[in-house]
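This is what each chain is made of:
There are 2 protein chains.
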Amino acid sequence: MTLSESPQNTLFLKKLAAIVGVENVLASIEDRLAYAYDATPMRENVPIAAVRPTSVEHVQALMRLANAENFVVVPRGSGTGLSGGSIPVERSIVMLFPAWKRILEIDQENLTAWVEPGVITADLHAAVEAQGLFYPPDPGSMKVCTIGGNVAENSGGLRGLKYGVTKDYVMGLEVVLPTGELLRVGNKCVKDVAGFSFKELFIGSEGSLGIFTKILLQLIPKPAAAKTLLALYDDMQKAAGTVSAIIAEKIIPCTLEFLDATTIRCVEDFAHVGLPTDAEALLLIEVDGHPAAVADEFEKVQTICTKHGAREVKVAKDAAEADKLKTARRAAFSALARVRPTTILEDVTVPRSQIANMLQRIRDASKKHNVTFGNFGHFGDGNLHPTCLTDERDRDEIHRVEKAFEEIFLAAIDLGGTITGEHGVGLSKKRFLEKVAGPTGVEVMRKIKQVFDPNNVLNAGKIFDPKPRCEAPLPAAATGF
Amino acid sequence: MTLSESPQNTLFLKKLAAIVGVENVLASIEDRLAYAYDATPMRENVPIAAVRPTSVEHVQALMRLANAENFVVVPRGSGTGLSGGSIPVERSIVMLFPAWKRILEIDQENLTAWVEPGVITADLHAAVEAQGLFYPPDPGSMKVCTIGGNVAENSGGLRGLKYGVTKDYVMGLEVVLPTGELLRVGNKCVKDVAGFSFKELFIGSEGSLGIFTKILLQLIPKPAAAKTLLALYDDMQKAAGTVSAIIAEKIIPCTLEFLDATTIRCVEDFAHVGLPTDAEALLLIEVDGHPAAVADEFEKVQTICTKHGAREVKVAKDAAEADKLKTARRAAFSALARVRPTTILEDVTVPRSQIANMLQRIRDASKKHNVTFGNFGHFGDGNLHPTCLTDERDRDEIHRVEKAFEEIFLAAIDLGGTITGEHGVGLSKKRFLEKVAGPTGVEVMRKIKQVFDPNNVLNAGKIFDPKPRCEAPLPAAATGF
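Quick note, the sequences are listed as chains A and B, same order.
Its first residue numbered 0, the first sequence is counted upward by one per residue in numbering that gives the first Met the number 0.
Its first residue numbered 0, the second sequence is counted upward by one per residue in numbering that gives the first Met the number 0.
No lab work stands behind these hints, which were simulated from the structure alone.
On a predicted model such as this, the values are computed, not experimentally measured, just so you know.
Please note that a few of the clues may not be correct.
Identical copies go unnamed one by one, so any copy, or any two together, can satisfy a pair.
To be verified - The calculated lysine-lysine pairs, modelled on DSS-like cross-linking and capped at a C-alpha distance of 27 Å, are:
| # | residue 1 | residue 2 |
| --- | --- | --- |
| 1 | Lys-221 | Lys-402 |
| 2 | Lys-325 | Lys-313 |
| 3 | Lys-249 | Lys-316 |
| 4 | Lys-366 | Lys-323 |
| 5 | Lys-446 | Lys-367 |
| 6 | Lys-221 | Lys-306 |
| 7 | Lys-161 | Lys-299 |
| 8 | Lys-446 | Lys-429 |
| 9 | Lys-367 | Lys-100 |
| 10 | Lys-299 | Lys-221 |
| 11 | Lys-142 | Lys-316 |
| 12 | Lys-161 | Lys-198 |
| 13 | Lys-434 | Lys-402 |
| 14 | Lys-213 | Lys-446 |
Sequences and hints are given; from them, build the entire structure.
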């Protein structure tokens, strides 16, 4: 701990140290700068300090102190979020969870796992798969991100179409409320209707309704087989037609991803996986499940790809080859990020039937505002990642980028979709929330925030701005007094 | 409309008629008695009237009137609930939905359906299955119950183990809030993280947080094949061992149901399906999915049943025979209900690994209090239906029944389970809610109710009692004034 200069600050840091121990308060300027930002471009804010609680009681005491002393606690997993969820706000401390990395239990009989919030997602995958079980959510950052962060953001991934998202696997939570109270919600029962189902409020609350100290996850049997292919197209419409035909055939692949022309070229340039750089669209398709079902469905998928105009279909012979094909998709963000200094990865989502229209609207906005987008994402579940390649130092370009994104968000809403499929609202999309959730919806959210966090001390100012205490302006006459 | 006598009542009924039309206000004593009860035994209460809104505006206007005139609206589907969710309370009107029976859209491309709340569950099954699609939730009352009621109660059914419950299929809601405001939440996107996920609050809110006027459901492809068997045992422990072994083999049947000895005998006596009346336990198992996977898994299940001591395994040769086998399970409640004048069907739920222990605790309570239980239910997901065969006219016996149920509920909580898996809390289990949800959990629920329904006009008094306005008793000294 390095104490800052003012006596007030010194006293404050001592109070934090009295709770978590002096070794767990990080207040040097280097530490504070390190936690000033996350993976969200163009946003940062320096916190007063970062703290590392090592017990539930620490978390509770810190929240009570926050209420007493009126500061904000910003919980942070690995900081891979893309909407600013873990970026500090005014008068805030960042809360870190390096001491919370234990998988506490894998229950073979009930198909559940109890984990601490700091467990890395890929570590959980490995641990349960070693026992023949499966935890489907696989966000792009799974090698570094934490389960606590995944629950806070309701993370998705490449397997969402068939297996759903994080919310579909959270059975229970031990959570410290913003007021410091400890709440346990959920259990190992598949069915439970005892009172309102408010567990879901915490999932995707972007760290603003509670701090998870223990998480109960549902597991499923590991699919016995999987087969993977890449299909390449000269025309995005043909790729879209393929996807519709697969669903019409009543096949639900676990993975159904796409890259557009820009992304294909960047990926090939970066990862040299042998993609033809003149292709206009690429689909990555994986079918999993019982071996006999996989064999049959995979053959049908291959036929559909060819019938709908794929110019080439690459089939993975084994798991190693499948991994190689997946590299093309998993490398998309890194490949695009090399092209220009600033990369803005978005995640508008539309009903599956509207994807081709949505891509057209992105192209229109790109052309109109003269900005470059690479597009990739989850074709199967309508979750697109229009990724803008830009330079934050160029104010004029950034202004045009903002205009383009605004049109893209509004287009998604117009097509029956949403402004964010898996990244969250955070700081980045607050001003669009009311357009998608409606004024009544946002009002409900504000009131729910008020129920859990009356003093607005937990990740305040994320998702929506706090309402000013005085809701109506004073009447003109009254100002005379 | 038959107006009751007092001028005050006449005026009130006229106000209702001004909203929904005189033909849609049911106020004769016969009508009022008809809506005084639902399927919950030993509870009834006569409403002021029943009303049949025919538009969203009617529902909104009725809720505004309820707030203005301080009466309670009790929404009612088909009244099949078992916890008193649709039983009138003091100063209440019952709201009915016979005009809301349209399936508005089945979207083949996005695999969704928009329905009105009054659609009968089995009618939706038939409509989507005709298009090769599937809506899994299948509560016992599916031939008469409504989707609106299913969403309000978060209904389960026989396919919950593999396919989950109603909550897992609700993608969006159009809902009139208790204050009369109209709210739309959710959309056809598989992924959406724009703000707090509060849609789930309405699902299972037992008609107390909002009135559904339109429901968007997720559909899945209809499983291409299914195979069904009945296995009979001389010992419940052997049936439990079979279930554990099936899960350990990484097979998740869509149906995994059981009957105990008492239920087997009653079912045979009632339905004559050829069950041996000396069997101690029966499992009904259905595996569904891709034909090749079904063939393989079904063979494994058969082997496991035999290996774990089934004295007989009856395999259904075709769908008609499968239906016959399922009759044994579907007839359980009706069969038990014939034995004594009053049948109390409960739905305690425990983690799957605790089912054998839970059944022992039910036997203990039954013996201790000298009351008769038949047990059946969803072995796969831990959801048991201990069903008490009694006579409500025998006050002493009913007192013993209540004691036994109290012990059963507490045992379920003790084993890591819950007081209700699919029936809800309603009026019947209010006093046990805090034991399972904890005081903080119930406090959260109360505050959420307050957010949506500040005047407590929508199905008030269900799930938990409203808190008295003056929370603490007056101090003794104050009573002197």
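For each hint, the structure was consulted:
{"no.": "1", "hint": "Lys-221 - Lys-402", "verdict": "neither (44 Å within a copy, 44 Å between copies)"}
{"no.": "2", "hint": "Lys-325 - Lys-313", "verdict": "within (12 Å within a copy, 46 Å between copies)"}
{"no.": "3", "hint": "Lys-249 - Lys-316", "verdict": "both (25 Å within a copy, 25 Å between copies)"}
{"no.": "4", "hint": "Lys-366 - Lys-323", "verdict": "neither (33 Å within a copy, 63 Å between copies)"}
{"no.": "5", "hint": "Lys-446 - Lys-367", "verdict": "neither (39 Å within a copy, 48 Å between copies)"}
{"no.": "6", "hint": "Lys-221 - Lys-306", "verdict": "between (32 Å within a copy, 24 Å between copies)"}
{"no.": "7", "hint": "Lys-161 - Lys-299", "verdict": "both (17 Å within a copy, 25 Å between copies)"}
{"no.": "8", "hint": "Lys-446 - Lys-429", "verdict": "both (16 Å within a copy, 25 Å between copies)"}
{"no.": "9", "hint": "Lys-367 - Lys-100", "verdict": "neither (48 Å within a copy, 46 Å between copies)"}
{"no.": "10", "hint": "Lys-299 - Lys-221", "verdict": "both (23 Å within a copy, 17 Å between copies)"}
{"no.": "11", "hint": "Lys-142 - Lys-316", "verdict": "within (25 Å within a copy, 48 Å between copies)"}
{"no.": "12", "hint": "Lys-161 - Lys-198", "verdict": "both (23 Å within a copy, 21 Å between copies)"}
{"no.": "13", "hint": "Lys-434 - Lys-402", "verdict": "within (16 Å within a copy, 53 Å between copies)"}
{"no.": "14", "hint": "Lys-213 - Lys-446", "verdict": "both (26 Å within a copy, 24 Å between copies)"}
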